[in-house]
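Okay, here's what each chain looks like letter by letter:
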Amino acid sequence: MNTPSPKISTMPSKPVKLRVIWLQGITCNGNTHSFLNDPSLGSLLECIEFIHHPLLPCSKTLKEVVKKLPKSDILIFEGAYRADFERAEIRMESLLMSLALRTKHIISLGSCASFGGIFKESASEHISGILFDKESESGPLHSLRKKVITLSGCPIHPKWISFVIDMIVQGKKISLDEYRRPKELYGYLVHNGCLRNEYFEWKVDSDHFGTKEGCLYYAQGCQGPFTHGSCNKILWNGVSSKTRSGTPCVGCTEPSFPRTELFTTKTYMSIPAEMPLGVPKRSYLALAGAAKSFHIKRLEGKLIDDNS
Amino acid sequence: MITHELIERIEGEAILDFKTDKSGIVEEADIRFVHFRGMEAILEGRNALDALVIAPRVCGICGHSHLIAAVRMIESAYIDAGFSLTITPKAHSIREITLKCELIQNHIKWLYLVMLHESGKLLGEEVNVSLKALYVTSQINQLSALFSGQWPHSSYAIPGGVTCDPTHIEVMQALKILSEVEQFVGKEVLGCPLEKFELHLKNDSHRALEGDFSKLLHRFERLNLLNSGKSHGRFLVLGENAGSLDHSERSGADVALVSEDSSHTFTHGGKTHAKNALYNGAFYETGPLARALITERQGIASLYQRYGDCAQTRLSARIDEMVTLIAHVRLLLTSLDLSQPSFIPPSHIESISGSGVGIVEAPRGSLIHRARIERGKIVEYSIITPTQWNLGNGTASNLGVAQRAMIGAESITKASLIFRTFDVCSVCTTH
Ligand code: SF4
Ligand code: SF4
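So the sequences go chain by chain: F and P. Numbering-wise, the working numbering puts 54 at position 54 of the first sequence, and it's gapless, one number per residue. Numbering-wise, the working numbering puts 1311 at position 311 of the second sequence, and it's gapless, one number per residue.
Calculated from the structure, these hints are not laboratory results. None of the values given here were measured: they were computed from a predicted structure. Treat the hints with care, since some could be wrong.
Unchecked claim - What the simulated footprint calls covered on chain P by chain F, stretch by stretch (three residues with Cβ under 8 angstroms from a Cβ of chain F suffice, anywhere in the stretch; the number is not a length):
{"#": "1", "region": "1045-1055"}
{"#": "2", "region": "1142-1154"}
Claimed, not checked - With a straight-line cut-off of 35 angstroms between C-alpha atoms, the simulated DSBU-like cross-links for lysine-lysine are:
{"#": "3", "chain 1": "P", "residue 1": "K1022", "chain 2": "P", "residue 2": "K1132"}
{"#": "4", "chain 1": "P", "residue 1": "K1196", "chain 2": "F", "residue 2": "K60"}
{"#": "5", "chain 1": "F", "residue 1": "K134", "chain 2": "F", "residue 2": "K159"}
{"#": "6", "chain 1": "F", "residue 1": "K302", "chain 2": "P", "residue 2": "K1022"}
{"#": "7", "chain 1": "F", "residue 1": "K233", "chain 2": "P", "residue 2": "K1132"}
{"#": "8", "chain 1": "F", "residue 1": "K146", "chain 2": "F", "residue 2": "K183"}
{"#": "9", "chain 1": "F", "residue 1": "K203", "chain 2": "F", "residue 2": "K63"}
{"#": "10", "chain 1": "P", "residue 1": "K1022", "chain 2": "F", "residue 2": "K71"}
{"#": "11", "chain 1": "F", "residue 1": "K63", "chain 2": "P", "residue 2": "K1202"}
{"#": "12", "chain 1": "P", "residue 1": "K1132", "chain 2": "F", "residue 2": "K173"}
{"#": "13", "chain 1": "F", "residue 1": "K63", "chain 2": "P", "residue 2": "K1176"}
{"#": "14", "chain 1": "P", "residue 1": "K1196", "chain 2": "P", "residue 2": "K1215"}
For glycine and all other residues, C-beta sits at the position ideal for the given N, C-alpha and C.
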């Protein structure tokens, strides 16, 4: 673990690039493709070089990686973990551990790698994330937990990963939450910054899908108020987000992803069963009662009444 | 001699088992996919609408096609259950726009990240990250996200329409992005204006153009591969403009004639997880070449007449399709009528018991989602992916499409490059 770090580089004009290995478990490749969406990929590649990446040009093929088990500065793991899943005919339990021991930082990329995600559903007892199995910290890398940074999301946003890499490159400390997710990214809720916030405040629900108006929390199943993530701060593909395009947040950054009945709000005595994070039910009810007793005409009509 | 070749830089990995003669010529080629993720089982037992979130996760590069297949499947179950359902032309066009964008970005990535990269490596040339190609694909995905909220893994298409309610702001932004894409494709990929490309194919002058595509063709020429890779000459399109073609004989296409063969899979003592997809009991090629020939696009039709279903024709079909799709997206964007509703609420999903099928022409070919729904819940789900058609693994007397194309290749590295002309996707194949 003594690969040169950029801080001690003797040639400031040509800093040593961090060496990165991108390894995949059971995956859909969604994080790989989301990563490629970063329009400033070029400047990121000035600071790092891929020893291995599943799609980008890199110095070693997967076959060479499993044979030589090279050292690295960052190991990025995408996809769910299963001990007997093989890459280039090597079992994941030995491959992941060997590469993890030979690296300085491990990025658990996407909700499958972080908590098990979608692919855990197919064989729950055998499949987990690399550090967490749903909420419990019982994944194969628990002895190396200090190296792990969790970037959950299905998929992750390319800016989240380049942020973490930049922080590592600059040797800055990243403060982490209980799941080892960077607080600066996951301190927000998806609800923060959603264009429908005013409808949420005044308890105006969306009659149905396909409109600019109304909040999706009351009937359409939006999980934004209790899902961590900066989707409405750092917009997707630079322009939008699920809730901005009228789709309910499906809670993809949380260990509970994927829940069921994703397009309906579960209610208890006709109020949403799950409260906005940290809000006691009584406070919510008091506020909702008050908000509902007013009729804000502007919020009941169309935002743009003659769009043609 | 028997060689096992691990194929990387596809979506996932595949193994090719080659048998070669003394001079290295490929006599047999078996295609194996060793991963399995159990997607269909994950879907079963869930609310049918959850498929709109789960199904895209079959594949990171064509997840949007899986979303559209899933929503069409649910909508067809509504009809099967005796309910009516209206999709406005606006909602329909928006779905088309985002779907076509996915195909365009796929084709560009395939050209730059896979074909130019692998052919360059084979010729000992230095290969670099094609940042210009990645930038333009990020722009196309941005165009899509203006409507779908994000790419990859949007769930914005729902039974009855789409969740978004765009304004002209999004449409104008989309048109600007599209102009940039057109410029890129004309200048960098083709080396000629988009509307001239078909004529070049017809006149057989496309190899003389100066763009990255002709660069690829020249490499194939140097490798003596331009006219290799011929297969059965049987083509199939099951989605829009369905039809089949057996050499010169044209007929319709009926999804009822599709079957799956799992006799070569692990469960039956075989060596792969991929099931073969068959039409009328035989292997058919699907994807851009099939679509071009069945819709009789002139450039590709004349190339096919001249050279047959070889590498050159197959490569050109994907590029020509990209050109056609860009024009199509422009037309859809300029004719979008925003005054129509995005979504017309159908009956509640819990009232639906019926069977549905959703077919999409995905980047690599015909994609089929089928399911049985019982009071809104999925009881059975089955997916046939495009690569199950093209990369099926047959027997010596009944070879799969890519298998047949590889036989006779001068070396296993050349055979592997032929394999990639089919645009391989392992994650889809072994959902
Ligand atoms: S977390 Fe989501 S995007 Fe990432 S591999 Fe899993 S399914 Fe694909
Ligand atoms: S739609 Fe969701 S994220 Fe947006 S305001 Fe409503 S609850 Fe919050």
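Q. Three or more residues of the region 1045-1055 of chain P near chain F by CB distance under 8 angstroms?
A. holds (count 7)
(Q) Checking one constraint from the list: CA of K1022 of chain P to CA of K1132 of chain P, max 35 angstroms. Satisfied? (A) With Cα atoms ~43 angstroms apart, K1022 of chain P and K1132 of chain P exceed 35 angstroms; violated.
Q.
Run the distance test for K1196 of chain P versus K60 of chain F: straight-line Cα separation, threshold 35 angstroms.
A. Since the Cα atoms of K1196 of chain P and K60 of chain F sit roughly 41 angstroms apart, the hinted pair is violated (cutoff 35 angstroms).
(Q) If you count the residues of the region 1142-1154 of chain P with a beta-carbon closer than 8 angstroms to a beta-carbon of chain F, do you get 3 or more? (A) With 12 residues closer than 8 angstroms to chain F, the region 1142-1154 of chain P meets the three-residue bar; holds.
Q.
K63 of chain F and K1202 of chain P were given as a pair; does the straight-line alpha-carbon distance stay at or below 35 angstroms?
A. Since the Cα atoms of K63 of chain F and K1202 of chain P sit roughly 43 angstroms apart, the hinted pair is violated (cutoff 35 angstroms).
Q: Would you mind confirming whether the straight-line C-alpha gap from K203 of chain F to K63 of chain F stays at or under 35 angstroms?
A: violated, 56 angstroms
Q. Given the proposed pairing of K63 of chain F with K1176 of chain P, does the C-alpha separation stay at or below 35 angstroms?
A. Violated - the C-alpha atoms of K1176 of chain P and K63 of chain F are around 43 angstroms apart, more than 35 angstroms.
Q.
Need the status of pair K146 of chain F, K183 of chain F: alpha-carbon distance at most 35 angstroms?
A. holds, 16 angstroms
Q) Between K302 of chain F and K1022 of chain P, is the straight-line Cα distance small enough, at 35 angstroms or below? A) This hinted pair is violated, its Cα atoms lying about 75 angstroms apart.
Q. Given the hint that K1132 of chain P pairs with K173 of chain F, does the C-alpha gap stay at or below 35 angstroms?
A. holds, 33 angstroms
Q.
Against the 35 angstroms threshold, does the CA-CA distance of K134 of chain F and K159 of chain F hold or violate the hint?
A. At roughly 24 angstroms apart (the allowed maximum being 35 angstroms), K159 of chain F and K134 of chain F satisfy the hint.
Q: Quickly compare the C-alpha distance for K1196 of chain P and K1215 of chain P to 35 angstroms and report which way the hint goes.
A: Holds - the C-alpha atoms of K1215 of chain P and K1196 of chain P are around 18 angstroms apart, at most 35 angstroms.
Hint check: violations occur at hints 3, 4, 6, 9, 10, 11 and 13; the rest are consistent with the structure.
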